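Q: Residue numbers (UniProt numbering), protein chains in the order written: chain F, 1 to 457; chain G, 1 to 241.
The reader is advised that the hints may include incorrect statements.
Said to hold, decoys possible - Calculated cross-link-like contacts (lysine-lysine; reagent style BS3-like; alpha-carbon spacing at most 27 Å):
#, chain 1, residue 1, chain 2, residue 2
1, F, K302, F, K437
2, F, K28, F, K414
3, F, K437, F, K28
4, F, K115, G, K44
5, G, K44, F, K58
6, G, K44, F, K98
7, F, K427, G, K44
8, F, K302, F, K28
9, F, K355, G, K44
10, F, K355, F, K384
11, F, K130, F, K115
12, G, K44, F, K428
13, F, K147, F, K130
14, F, K98, F, K115
15, F, K384, F, K28
16, F, K412, F, K437
17, F, K228, G, K44
18, F, K28, F, K412
19, F, K414, F, K437
What the hints assert, rightly or not - Now the stretches of chain F that chain G is said to cover, found in silico as 3 or more residues with beta-carbon under 8 Å:
#, segment
20, 236-249
21, 283-296
What the hints contain is simulated information worked out from the structure, not anything from laboratory work. Bear in mind that the values here come from a model prediction, so they are computed numbers and not experimental data. Just so you know, even glycine gets a beta-carbon here, dropped at the ideal spot from N, CA and C.
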Amino acid sequence: MFLKFSLHSMFYGAGGGNDIQWCFSQVKGAVDDDVAEADIISTVEFNHSGELLATGDKGGRVVIFQQEQENKIQSHSRGEYNVYSTFQSHEPEFDYLKSLEIEEKINKIRWLPQKNAAQFLLSTNDKTIKLWKISERDKRPEGYNLKEEDGRYRDPTTVTTLRVPVFRPMDLMVEASPRRIFANAHTYHINSISINSDYETYLSADDLRINLWHLEITDRSFNIVDIKPANMEELTEVITAAEFHPNSCNTFVYSSSKGTIRLCDMRASALCDRHSKLFEEPEDPSNRSFFSEIISSISDVKFSHSGRYMMTRDYLSVKIWDLNMENRPVETYQVHEYLRSKLCSLYENDCIFDKFECCWNGSDSVVMTGSYNNFFRMFDRNTKRDITLEASRENNKPRTVLKPRKVCASGKRKKDEISVDSLDFNKKILHTAWHPKENIIAVATTNNLYIFQDKVN
Amino acid sequence: MFARGLKRKSAEEPEDVEGCPAGARAAPSYSLQRQSLLDMSLVKLQLCHMLVEPNLCRSVLIANTVRQIQEEMTRDGTWRVLAPQAAGRAPLDRLVSTDILCRSVREQEGECPAPDMGDGQPDLVPGPAVAPAAQALRSPQSSLWEGDGSRESRGGFQKSLDQIFETLESQASGSVEELFADVDSSYYDLDAVLTGMVGSTSSGPGSGLQAFASATTSPPSSSCRSDLGELDHAVEILVET
Numbered sequence: 001m002f003l004k005f006s007l008h009s010m011f012y013g014a015g016g017g018n019d020i021q022w023c024f025s026q027v028k029g030a031v032d033d034d035v036a037e038a039d040i041i042s043t044v045e046f047n048h049s050g051e052l053l054a055t056g057d058k059g060g061r062v063v064i065f066q067q068e069q070e071n072k073i074q075s076h077s078r079g080e081y082n083v084y085s086t087f088q089s090h091e092p093e094f095d096y097l098k099s100l101e102i103e104e105k106i107n108k109i110r111w112l113p114q115k116n117a118a119q120f121l122l123s124t125n126d127k128t129i130k131l132w133k134i135s136e137r138d139k140r141p142e143g144y145n146l147k148e149e150d151g152r153y154r155d156p157t158t159v160t161t162l163r164v165p166v167f168r169p170m171d172l173m174v175e176a177s178p179r180r181i182f183a184n185a186h187t188y189h190i191n192s193i194s195i196n197s198d199y200e201t202y203l204s205a206d207d208l209r210i211n212l213w214h215l216e217i218t219d220r221s222f223n224i225v226d227i228k229p230a231n232m233e234e235l236t237e238v239i240t241a242a243e244f245h246p247n248s249c250n251t252f253v254y255s256s257s258k259g260t261i262r263l264c265d266m267r268a269s270a271l272c273d274r275h276s277k278l279f280e281e282p283e284d285p286s287n288r289s290f291f292s293e294i295i296s297s298i299s300d301v302k303f304s305h306s307g308r309y310m311m312t313r314d315y316l317s318v319k320i321w322d323l324n325m326e327n328r329p330v331e332t333y334q335v336h337e338y339l340r341s342k343l344c345s346l347y348e349n350d351c352i353f354d355k356f357e358c359c360w361n362g363s364d365s366v367v368m369t370g371s372y373n374n375f376f377r378m379f380d381r382n383t384k385r386d387i388t389l390e391a392s393r394e395n396n397k398p399r400t401v402l403k404p405r406k407v408c409a410s411g412k413r414k415k416d417e418i419s420v421d422s423l424d425f426n427k428k429i430l431h432t433a434w435h436p437k438e439n440i441i442a443v444a445t446t447n448n449l450y451i452f453q454d455k456v457n
Numbered sequence: 001m002f003a004r005g006l007k008r009k010s011a012e013e014p015e016d017v018e019g020c021p022a023g024a025r026a027a028p029s030y031s032l033q034r035q036s037l038l039d040m041s042l043v044k045l046q047l048c049h050m051l052v053e054p055n056l057c058r059s060v061l062i063a064n065t066v067r068q069i070q071e072e073m074t075r076d077g078t079w080r081v082l083a084p085q086a087a088g089r090a091p092l093d094r095l096v097s098t099d100i101l102c103r104s105v106r107e108q109e110g111e112c113p114a115p116d117m118g119d120g121q122p123d124l125v126p127g128p129a130v131a132p133a134a135q136a137l138r139s140p141q142s143s144l145w146e147g148d149g150s151r152e153s154r155g156g157f158q159k160s161l162d163q164i165f166e167t168l169e170s171q172a173s174g175s176v177e178e179l180f181a182d183v184d185s186s187y188y189d190l191d192a193v194l195t196g197m198v199g200s201t202s203s204g205p206g207s208g209l210q211a212f213a214s215a216t217t218s219p220p221s222s223s224c225r226s227d228l229g230e231l232d233h234a235v236e237i238l239v240e241t
């Protein structure tokens, strides 16, 4: 394990956040400031090889970008990501029973590992999960006996000879088709999907329940967690995120709005209401306020690639937990502590309910998460250094090294620093993703997708 | 949200309630901020997005905040019974009874939900078309039913929170009828709606419109006047079909 880590870091850079020089690579999306609601990006995910990058938006569309194969001659940059496929994954629906709309917004996308030529991903909105097959077609059969080239059927009596159809090359076409639709299993809004390491099952979590599905079976799922109280008046806690362990196919975790994470073992019982482990940090009494609970609510939970650690994101911080230690995290990183004195305003304008995601780099040495003003933050677990960068079109020359940003909490503002009161709270980076193998990151602002790479000499 | 470049005066109190132990600030200022936080939270709970289901996590977090404040205020002994005619502020129980009262809150602010009914639905569905008219009646009535002040406000508050979750629950698993379960069932009686007299069973079959016409000229209470304007609109729609 140790040897693997060293070799890995040798090739991919153990320096992490600060030793890497991050450069602008690409930006996707509309240029103008007028954001069409449907274009708001709601999820970003690399596939297992990193060759494909998928985004979902509020309009229910999925856009997949593919990395160009590296040009061996031009080795000064890694391949660019270009649009590979675009499709409408979910449509708005109307629940007539409740007189409510079901949003088509894509909440999460998760890729399946590639087993054959086609790619598969799961995409979900609030109520329905869909399995999509994305396949390439670059040949087509020609020379049918009973059909003309334009598809019209020939009169069989006019056929005098028979020929064998042959495949001829055609322009590459990428087709997305829905292979499975997993519906009607969630009363509340789905916030997470996670594919099991057995690659046969997956879980979907809503505010109060978690269901286990088999990828082949759409007409039933098993409920494995149910925290709905018998009396809804007693409801004080909801599920905020859930994920399967990357290696143990019987283990998953789910986080709550009270800042707890529960690890469950599906071998223990069919209904995993009783956790195997409960991760919770005792509250710091000196920081107690009416907003303590809200800011402790966990917005995202992610296992490390190794499976030994998990990371949680709450409103102000990122915490790394060792799965063997339940009573406190092993590392805590402050994302934007300067907001602690602004919590009442952030409560008033609802920003305090923003759900930020977080992600690991391929070697689990650096973690990244978003903030406001289109800032995003990286924390190097080894050097303990952190960096703040901005996703902005102002730095849009390729291979321009991004300048670190700094927020001035109080007192005299130094040159190049930004004061807390100048931050734009409408520009929030909720979704970020890190290439599984390389130092390439995808950062989503409201409606633009930025791709940054480390500087290759 | 933050005015750019605006300097904060050092003497000015920031909006934060948190981070200051109870004794460190002058007591009125802290309780004022706490009260304003409570009011803000209650308003947030009521601002339901009627088209899309409200975010359950957000609602739960806000409700928990409200409970915390209530508990602290009870411990302080500052939790007062709120009279329905609390100056300048709508009483708690009128605010929080059901999600329908989202609309009645807007009525109190002078907004007219009549445009909701203006799409001229040809079918008289008990839910959407009748409901706004029903609420219009309910709003003044509820003050009679619940606002007497005879109920202990604390119990009323708890009941209000419970009703929020009942509503969320019924939205989640119930039918349209359940949404209006606590609305007097006589609202479904068309005559009752048209005559603007709740629970009235004396209106004869043919007297519906006539009774309504007279009701507009002599409304049961002055606060019904604007509500009856909406009933007018409802009748127009019904009559046109």
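Q: It remains to establish, for every hint, whether it holds in the given structure.
A: Comparing the hints with the structure gives:
no., hint, verdict
1, K302(F) x K437(F), "holds, 17 Å"
2, K28(F) x K414(F), "violated, 33 Å"
3, K437(F) x K28(F), "holds, 22 Å"
4, K115(F) x K44(G), "violated, 48 Å"
5, K44(G) x K58(F), "holds, 23 Å"
6, K44(G) x K98(F), "holds, 21 Å"
7, K427(F) x K44(G), "holds, 22 Å"
8, K302(F) x K28(F), "holds, 26 Å"
9, K355(F) x K44(G), "holds, 18 Å"
10, K355(F) x K384(F), "holds, 25 Å"
11, K130(F) x K115(F), "holds, 18 Å"
12, K44(G) x K428(F), "holds, 22 Å"
13, K147(F) x K130(F), "violated, 34 Å"
14, K98(F) x K115(F), "violated, 41 Å"
15, K384(F) x K28(F), "violated, 32 Å"
16, K412(F) x K437(F), "violated, 41 Å"
17, K228(F) x K44(G), "holds, 23 Å"
18, K28(F) x K412(F), "violated, 37 Å"
19, K414(F) x K437(F), "violated, 37 Å"
20, 236-249, "holds (count 4)"
21, 283-296, "holds (count 8)"
Checked against the numbered hints given earlier, this structure breaks hints 2, 4, 13, 14, 15, 16, 18 and 19; the rest are met.
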